[in-house]
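> If you want the building blocks of each chain, they are given just below.
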Amino acid sequence: MNEAPQPLISIKDLKVHFPVAGRGLFSRSNQVVRAVDGVDLSIQSGETLGLVGESGCGKTTLGRAILRLTETTSGQILFRDQDLAQLSNSQMRAQRRKLQVIFQDPYASLNPRMTVSQIIGEPLETFRLASGEARKRRVQELMEMVGLNARFLKRYPHEFSGGQRQRIGIARALAVDPEFIVADEPISALDVSIQAQILNVLARLRDQKHLTYLFISHDLRAVRHVSDRIAVMYLGKIVELAEAKSLYANPLMPYTKALISAVPVANPKVEMARRRIVLTGDVPSPINPPSGCRFHTRCPYAIDACRDVQPQLVQIKPNHFAACIRISADEPDIEHVRPGDAPGLRQTSTSHSA
Amino acid sequence: MATPSNGNLLSVRDLRVYFETEDGNVRAVDGISFEVKRGETLGIVGESGSGKSVANLSLMRLVPEPPGRIVSGSINFGGLDVLTLSRTEIRALRGKRIAMIFQDPMTSLNPFMRVSRQLMEVTQLHLGHTKQQARAHAIKMLERVGIPDAAERVDSYPHEFSGGMRQRVMIAMALSCQPELLIADEPTTALDVTIQAQILELIKQLKSETGASVILITHDLGVVAGMTDRVIVMYAGKVFEQATKQELFERPANPYTLGLLRSVPDPTRDEETLYQIPGQPPDLARLPPGCPFAPRCERVQEICRNEFPPFVELTAEHHSLCHFANEVYAETSTTG
Chain L
127 MNEAPQPLIS IKDLKVHFPV AGRGLFSRSN QVVRAVDGVD LSIQSGETLG
177 LVGESGCGKT TLGRAILRLT ETTSGQILFR DQDLAQLSNS QMRAQRRKLQ
227 VIFQDPYASL NPRMTVSQII GEPLETFRLA SGEARKRRVQ ELMEMVGLNA
277 RFLKRYPHEF SGGQRQRIGI ARALAVDPEF IVADEPISAL DVSIQAQILN
327 VLARLRDQKH LTYLFISHDL RAVRHVSDRI AVMYLGKIVE LAEAKSLYAN
377 PLMPYTKALI SAVPVANPKV EMARRRIVLT GDVPSPINPP SGCRFHTRCP
427 YAIDACRDVQ PQLVQIKPNH FAACIRISAD EPDIEHVRPG DAPGLRQTST
477 SHSA
Chain P
53 MATPSNGNLL SVRDLRVYFE TEDGNVRAVD GISFEVKRGE TLGIVGESGS
103 GKSVANLSLM RLVPEPPGRI VSGSINFGGL DVLTLSRTEI RALRGKRIAM
153 IFQDPMTSLN PFMRVSRQLM EVTQLHLGHT KQQARAHAIK MLERVGIPDA
203 AERVDSYPHE FSGGMRQRVM IAMALSCQPE LLIADEPTTA LDVTIQAQIL
253 ELIKQLKSET GASVILITHD LGVVAGMTDR VIVMYAGKVF EQATKQELFE
303 RPANPYTLGL LRSVPDPTRD EETLYQIPGQ PPDLARLPPG CPFAPRCERV
353 QEICRNEFPP FVELTAEHHS LCHFANEVYA ETSTTG
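Chains as they are written, first to last, in our numbering: chain L, 127 to 480; chain P, 53 to 388.
In case anyone wonders, no lab produced these hints; they're calculated from the structure. These numbers come from a predicted model, not from an experiment. Misleading hints may appear alongside valid ones.
[As the list claims (entries may be wrong)] No farther apart than 27 Å at their CA atoms in a straight line, the calculated lysine-lysine pairs in the DSS-like style are these:
| no. | chain 1 | residue 1 | chain 2 | residue 2 |
| --- | --- | --- | --- | --- |
| 1 | L | 395 | P | 89 |
| 2 | L | 395 | P | 148 |
| 3 | P | 148 | P | 183 |
[Claimed, not checked] Some chain L residues well away from chain P (every beta-carbon gap over 12 Å; in silico):
| no. | residue |
| --- | --- |
| 4 | 133 |
| 5 | 234 |
| 6 | 243 |
| 7 | 286 |
| 8 | 304 |
| 9 | 306 |
| 10 | 371 |
| 11 | 429 |
| 12 | 460 |
Where a beta carbon is used, it is the ideal one built from N, C-alpha and C, also for glycine.
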């Protein structure tokens, strides 16, 4: 990950806009939801990139767009050097083997009328990877890999608990030997004692199979634990990107600071001593996002310029990028920047993007 | 059946709530006892199927019967024997002296009714407000929970509010009669962390203003750490551990509590592999004969599989349901 060769996934200026349904039956309004609005991001092979943000920030749409489960409006999605956004449906189907997804809700994402064997074996048939005895052996092997008893081959999803169902979902995603997996809130529907089990299964499989993950979650504690780097998303844009540990320990952007300070810690001493930055208000609508920096309506550090200037994601510290005009590489700590000053506006020439 | 003294607002004794299901008799709550003191926040921690929600529904006699049935026990609230009250008496209690908020605000809000009317109904019924008084009170409550432009927004429908704002509306409704006990069942689970922080802050602030007691049901140990005074940990319909917050986090005396605490990723520490409690939450219709946690417990002994564990007293305020409670307590005391 250090000497970054060619990334496995490289997203360039990706936009996903949804038209808003009009009021009448046949009318269409001209408004669009800017779910993903100009995202640049790359994911190295073998890396786990965490993607966090509040609901409605576009993180799920971004994950789905990378896999072409949602059509993109513009931009590139390079998988090695192939632009997935340009592929026809049939070309994409061939690629789909290498790109898999694990969903949040293990209750909704498994067909209740299929046995575990059919669920996990289906992609093997679809991609003609195995049939008959070989298929059965492969399914059993996959079940054991994710910690399910292979004796349960003929059981139906409802006979399993939530955690076991999530394991079935993981086994199905792994059946085709993918290289890249989007895990969209894979633990948030699970009990606390089961969340740790699933996080550990995902980590073990990554190491064994050299998988690359995009791990989408609103649970910052879990994301910090599993990710190498974390990207923070706000209203369709990436606003901060850094190594997981340094992002958590030293967030630069006010939004990330607030997000992290809001995470409850299971330690009464930490909780009592903490100074929480409580954000006022909700996430604004992505239909009409605020001008300039989209966070300025809730930002305790916002100045007039924040309303006008769209901040770029620039490197503030080594491998630590943030989109905020109130900080710069020379003055990275917003607490120490002079009131009203915007050092980020002064050095646009030397900055490079993520 | 003692009447609560020494500052207890609520006292639950040996409560048992069973459900008759196709799968057999499910002992959702199986002999739990606890108290809530005046002005304190009690946290109830548990996973799905632990009985934490059923226990609290019984406090307001909201368990659907059938299939549910309160088999035995007593619930004493401010001197009232809740389980023997008539329907009319219990209705006078609900919403007035005991109020409840839920994970999904739409559980308590009517989607077809303006917020004003829903808030006004409560105080017209319980406090005998006139229409004008009730409306003024409704606006005041919305202001108190931090809804901007309350006077204009009071006539909106619930769907016109965002998730966090809807949660506030529900809290305003729950608190409009100044209840003595607020039961909050996973009040922030569906919310983003930033909104969660706002709502928890609000509950804290309103609690200190009104002096109400709070029962906070949650699966999030971080929320417990920040919000509560005392905690009970439930598993398989039983109280597994009961302690002050400080003790519970620093000196847990039950392997299940210890496992829960260790399985939450700690952002202040770096661990390669997360500790995990093996196995699945128990099937309440098929509990093993001994300790219900025995099949998942890493320090299980022969006795755990055969004999139901005792509720061991470690200090006057700290109890643990475990054959080896004293040993676990001694270990966590030395390791910190």
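> None of the hints should be skipped; say for each whether it holds.
Quick rundown of the hints versus the structure:
no.: 1; hint: L:395 / P:89; result: 23 Å, holds
no.: 2; hint: L:395 / P:148; result: 35 Å, violated
no.: 3; hint: P:148 / P:183; result: 18 Å, holds
no.: 4; hint: 133; result: 25 Å, holds
no.: 5; hint: 234; result: 16 Å, holds
no.: 6; hint: 243; result: 21 Å, holds
no.: 7; hint: 286; result: 9 Å, violated
no.: 8; hint: 304; result: 23 Å, holds
no.: 9; hint: 306; result: 23 Å, holds
no.: 10; hint: 371; result: 7 Å, violated
no.: 11; hint: 429; result: 21 Å, holds
no.: 12; hint: 460; result: 18 Å, holds
Hints 2, 7 and 10 from the list above are not met by this structure, while the remaining hints are.
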